[in-house]
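Here the protein sequences come in this chain order: X and L.
Position 31 of the first sequence, counting from 1, maps to 30 under numbering that gives the first Met the number 0, and the rest follow consecutively.
Position 144 of the second sequence, counting from 1, maps to 143 under numbering that gives the first Met the number 0, and the rest follow consecutively.
Some clues are possibly wrong.
Now the stretches of chain X that chain L is said to cover, found in silico as 3 or more residues with beta-carbon under 8 Å [as the list claims (entries may be wrong)]:
| hint | stretch |
| --- | --- |
| 1 | 46-54 |
| 2 | 81-95 |
| 3 | 167-176 |
| 4 | 187-198 |
| 5 | 206-215 |
Sample of chain X residues at the chain L side, in silico, Cβ under 10 Å [said to hold, decoys possible]:
| hint | residue |
| --- | --- |
| 6 | Phe61 |
| 7 | Met77 |
| 8 | Trp98 |
| 9 | Arg131 |
| 10 | Ala149 |
| 11 | Leu184 |
Just so you know, these hints were derived from the structure itself, not from any lab.
Note that beta-carbon positions come from the ideal geometry of N, C-alpha and C, so glycine has one too.
Each chain is listed here by its residues.
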Amino acid sequence: MLVAETATEITTRPFGRVPYFAETPHKGKNETCKKAARRVTEETRWVMMVGYIRDNQDQKAFAELFGHFAPRVKSFLMKSGADAGMAEECAQEVMATLWHKAHLFDPTRASVATWVFTIARNKRIDMLRKQRRPEPDELTWGPEAEPDAAEVVEIQQESVRLAAALAELPEKQRDLVQKAFFGDLSHSEIAEETGLPLGTIKSRIRLALERLRHAMK
Amino acid sequence: MDNINHHLTDQLLLSYAAGTLPEAFSLVLATHISMCDECRARLGAFETVGGAMLEASVDNATEVDLASTLKLIAGGPKDPILVKPLAQKRESRVFPQALTNYVGGDLASVKWRSVGMGVRQSILKTSGEATVRLLHIPAGCAVPDHGHRGLELTLVLQGAFRDETDRFARGDIEVANEDMEHTPVAEEGMDCICLAATDAPLRFNGIVPRIAQPFLRI
Ligand SMILES: [Zn+2]
């Protein structure tokens with residue numbers, strides 16, 4: 000097993016019901032399949048940890064998320080042009096934001112990695128570029144509308160599949176995408192058609208939005 | 000949701016997801032996405048790419064101080080945090096919240112300035128790499144004939160306009176590149192309100208607009 004059993008009790012609140020796979024969800028025997036299954040398990044586990052922070056201000060869950068994401072945020076910011084001091088400061092603020100905004104995370108529309116990325120990106124704009132970041136109006140699940148566990152797992156699976164597909168891209172294209180995300184390309188330098196395989200994940204998110212709109216009525 | 004036919008390009012969505020667009024363009028994107036679940040989902044897909052980049056960017060030497068972060072958390076959030084989801088009953092409003100934040104209110108709060116030929120505008124304050132303004136075009140009137148340098152985004156918030164190629168109604172966004180010469184005309188029946196951003200000054204072809212240009216401050 001990739002991750003140790005949590006010391007935290009599983010709560011009955013929404014995220015607590017997300018199935019946590021002790022076994023691999025895929026039946027396949029080959030290594031790639033096992034690796035993908037482990038990654039989905041990990042992603043789903045991060046979702047649960049965010050739920051523990053939201054519901055119980057669980058410091059153990061936070062420490063676990065911190066151990067995984069804080070170094071990644073810092074590396075990401077340093078690759079985006081921040082010096083070590085600023086990257087450290089930003090990474091701390093990003094992780095503090097994760098704590099304070101745990102209730103705004105929607106696991107039917109994003110993995111925790113994606114959500115942390117958006118927080119880090121906004122912090123980068125704020126601190127490195129000294130600009131405001133206009134954001135689309137927030138859509139969140141109300142207290143009465145809870146995310147569906149199967150939907151949560153599906154979006155985590157899709158995120159893992161996309162990451163695998165990105166790793167398979169021709170080096171030149173992958174390099175361009177990386178440059179775009181590390182802030183080394185301006186919008187005019189990015190291709191009109193990116194050619195990224197985003198169809199499936201887009202459809203998933205679209206479905207989640209439709210259900211959310213329906214629940215809001 | 001509005002019935003939207005003209006959407007954002009991949010190029011713009013990727014840049015917005017990466018966080019590299021000038022603030023003026025970001026405001027137009029945020030406003031469109033607030034009205035368009037199709038582009039919201041596409042943005043989500045591009046952000047997932049960003050998540051994968053973050054996930055992959057680690058080296059073993061990098062460490063962050065947990066104790067200082069916990070102290071930071073104990074000090075409370077830096078900015079006020081939304082506790083409840085925003086109410087969705089805003090059909091009576093013309094502007095999404097994203098735009099309201101920049102205007103300081105809805106349509107009635109806009110401080111308009113006349114730029115001639117019945118057209119009014121209001122420039123919104125953003126960082127300097129590009130500019131964004133609200134345009135009020137009386138029903139049936141033409142926006143002065145102009146060509147573009149650089150990139151221009153025009154998002155319809157009320158009414159509709161037509162140009163040589165198409166019709167643009169509430170929620171629709173026109174992405175105009177260099178070399179595009181066009182004459183948008185507001186439809187009869189209702190004044191047209193647009194949010195327009197550009198990274199280059201407009202150059203007008205007509206004599207009257209050329210005189211008016213110094214007052215446009217764009
Ligand atoms: Zn759209």
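Tested hints:
1. 46-54: violated (count 0)
2. 81-95: holds (count 6)
3. 167-176: Coverage by chain L is violated for the stretch 167-176 of chain X (1 residues, Cβ < 8 Å).
4. 187-198: holds (count 8)
5. 206-215: With 4 residues closer than 8 Å to chain L, the stretch 206-215 of chain X meets the three-residue bar; holds.
6. Phe61: holds (8 Å)
7. Met77: holds (8 Å)
8. Trp98: Trp98(X) check passes; min Cβ-Cβ to chain L is 5 Å, inside 10 Å.
9. Arg131: holds (6 Å)
10. Ala149: violated (18 Å)
11. Leu184: holds (7 Å)
When each numbered hint is compared with the structure, violations occur for hints 1, 3 and 10.
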